[in-house]
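Take the sequence shown: its letters are residues 3 to 237, numbered as in our numbering.
The hints are simulated quantities; they were obtained by calculation from the structure and are not laboratory data. It cannot be assumed that every hint is accurate.
Okay, the calculated beta carbon distance ranges per label pair [claimed, not checked]:
id : residue 1 : residue 2 : range
1  : R152      : R49       : 18 to 28 angstroms
2  : A216      : R49       : 36 to 46 angstroms
3  : P148      : P218      : 21 to 31 angstroms
4  : A163      : E86       : 16 to 26 angstroms
The C-beta atom is built at its ideal place from N, Cα and C for all residues, glycine as well.
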Amino acid sequence: MPKPVVPEEKRRRRRPTKSGTVLSEELIVETALRMLREHGSAGLTARRLGLALDADPSTLYRYFRGMDDLTLAIGDALIGQALEGWRPTGEWRADLRSFGLRVHAAYLAHPQAALLTTNRVTGRAHELAADEAVLGLLRTAGFPLPDTVRIYHAFIDQTLAFAALDAASLALPSDSLHADEDMWRSTYGRLPATTHPRIAEAAPLLATRMLTSAYPTALEMLLDSAAARLESIRD
């Protein structure tokens, strides 16, 4: 059975670690993010995290029920970074665009953590705040509830799917990443029009376009579709 998490007020009364650090959930998550960035998911263990914090690994269970609970907290922290400083303007389309781009960027700033958390549902404060904000934007814009849920579903899943896809590229060893990027020039760019006419004519554009994320384009297409739906409802 998972160990019970110690209430916050009791955690604060804990003595500092040997190095004088006072542990907190936030500090543990920040340290875990750094370890993921430096060592990947395989390097994130309770033992290594304890060493990085100069604390006994068992101390972590005063804050989290286990490593999976910590994973959820990491995912929620990334959403929190996207929310920080974001304020809706009252223009639903612009607000959804800006928020989607912020979420995507927050995950790409921590690609190893993104790979670990984009498919998880945390149920934590930042995730709930983000969901409430997106649903609120759509309802306030005038979308009926079924359309609101449908667009919300597509918006969230599209954002997280592209975050996972783009993070996976960033998490590759640099040699592999550069080899993949060069493929658009070294292979696609050299295919003859006699055998691959459509690739040959598009090759110069592909060599540039395919090195960037398609998320902004896909997001704009989703927003176009949502706007058209809203206009049909109003008519």
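Subject >> Outcome for the supplied range 18 to 28 angstroms, where the beta carbon pair is R152 and R49 >> reply: 45 angstroms, violated
Original post:
Does 16 to 26 angstroms hold as the CB distance between A163 and E86, or does it fail?
Top reply: 23 angstroms, holds
Original post:
Is it true that the C-beta distance of P148 to P218 lies inside 21 to 31 angstroms, as the hint says?
Top reply: 27 angstroms, holds
**OP:** For the range 36 to 46 angstroms, tell me whether the beta carbons of A216 and R49 fit it or not.
**Re:** Check passed, 40 angstroms falls within 36 to 46 angstroms.
Comparing the model with each numbered hint stated earlier shows that hint 1 is the single one that does not hold.
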